[in-house]
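**Student:** Here the protein sequences come in this chain order: A and B.
Quick note: the first sequence, position 212, residue 219 per this note's numbering, numbers continuous.
Quick note: the second sequence, position 245, residue 469 per this note's numbering, numbers continuous.
Rather than coming from a laboratory, the hints here were simulated on the basis of the structure.
There may be inaccurate statements among the hints.
Covered stretches of chain A, going by a simulated chain B footprint (3 or more residues, C-beta under 8 angstroms) [stated by the list, open to error]:
(1) 187-200
(2) 205-219
(3) 271-283
Residues of chain A placed beyond 10 angstroms of chain B at every Cβ, according to the derived structure [stated by the list, open to error]:
(4) 74
(5) 86
(6) 224
Every residue, glycine too, gets a C-beta built ideally from N, C-alpha and C.
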Amino acid sequence: MKNNILEINNLKIFPNNNSRLKLVKNISLSLKKGKTTCIVGESGSGKSLTALSVMQLLSSQLNMSGSIVFEGVNLANLTKEEVRKRRGKDIAMIFQEPMTSLNPVLTIGYQIEEAIRVHENLTKTDLNKRVEELLYIVGILSERINSYPDELSGGQRQRVMIAIAISCSPKLLIADEPTTALDVTVQAQILNLLNDLKLKFDMTMLFITHDFGVVEDIADDVAVMYQGEIVEQGTVLNILKKPKHPYTKALLDCVPDSHGEKDLKPIDYAALKRAMG
Amino acid sequence: MEILLEAKSLSKAYVKTTGFFSRTRITIKALDNISVNIRKGITLAVVGESGSGKSTLAKSLIRLIELDKGSITFKGRNIRTIHGDDLKKTRKNIQMIFQDPYASLNPRMKIIKIMQEPLKIHGIGNSATQYSKILSMIRRVGLVEDDLSKYPHQFSGGQRQRIGIARALILEPELVICDEPVSALDVSVQAQIIQLLKSLQKEFGLTYLFITHDLRIVRHIANEVIVMKDGKLIEQGKTDIIFRNPKTKYTKELLSSIPGNLSKRK
């Protein structure tokens, strides 16, 4: 398909020393250009491993098979150097913990600059201009350019991470639970920011979360993962309003809704197993 | 309805030192003249962002933090002035469930020891009656007898939170302070724990002070809410009323930040 920017085909992820143990079992997923696809699942469902495999950042103790085709090129077949050229430039990633993903002894200005210098050769003035522009885009005052990460709040640090991620105008942005560690009001701001950036730069987003509330706010397409498999995928409206798979239904039933009107039902794993056959 | 705990004008300030050689001192008001009544048998939720003072409030109620000012009356006694045995007796009646089930259980103790400790401290029963009490409580929270001889690391996060709940309830407290008890848990486990807390409340007639930053959960569990910001009490009232008709700008902002609202989308 021409309007798919990324196609994951038959992805399997397994430990080097036990190839029969599949942490991700044969999943296929296509990301439409300019859309946000959410992968939803509980911890251990394989959603973060899937994201890391797209960045080719899997732990050296894990191995993968299958293909990850980004704009017609299978990332799995590229050399380390070729992957490095794409990582950060074509595909960028932000993580859950903005505290641990920034270097505490370097200023945020330097860290954003560093991300640009890896991929582009700019003069000092151009570089500075670019950093200030990026800070402006993500909503941080330019006088904070020489601040260290510990002088910023959690939300501001996540904004810096986003500035680094978008510094080379990536075509695909992978966000792994970027708002889970943040307060609700800050979460709402960051989700808005990501959505604005997606529209402004025509970015495609792969968004990992366990929170259906966040899915409702940001997703165009949704893939639900359970025990290493995608059990259901579709548009956000179809998944939220007309879920077909028993696991999707069970997962939706245990999430509190924004009006707090429905009864919470914990997942009955025994019944789920019977329903899934 | 009977008032179980009455807190009046609680204040607590922390001094933070910053700058070169810690020369700059900043006073942070974690609690700024807060008054709250907790009625018997209800769930009162305390909502606020990080740094709003909600955990300081919880800890001050069981005197894990000494206040600068204010009075706390629990069942007619001023908690702030009692000592020794009196304090011990009051603490038996106010128990706490913590956020992080990984950090709040001693990794070197078997579950049976963890459960026995509070009973021993308060001198309740002999070892036979203690055992039967522990067994029935651990079954009530959904675990089995074999689990008593295991260590905390052998359990999942949700199971550990069940143990934390069992440990808090073994002393038959009247007031249970729940400090973000489900924030560290997966959504499916979160629903289980909330249901468990609700059914235990009915069974034992418990009163909950429920601290959370997730407003969706508040709606599910609380009868009344207080909203805190920067150590101040911004708004308080019945859950339904606050959700339908928030008075302050801050509460409105909090409510509009709740994720999961398709109608909000551009």
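**Student:** Hint by hint, where does the structure go against what was stated? Just the numbers, ascending.
**Tutor:** The structure breaks only hint 6.
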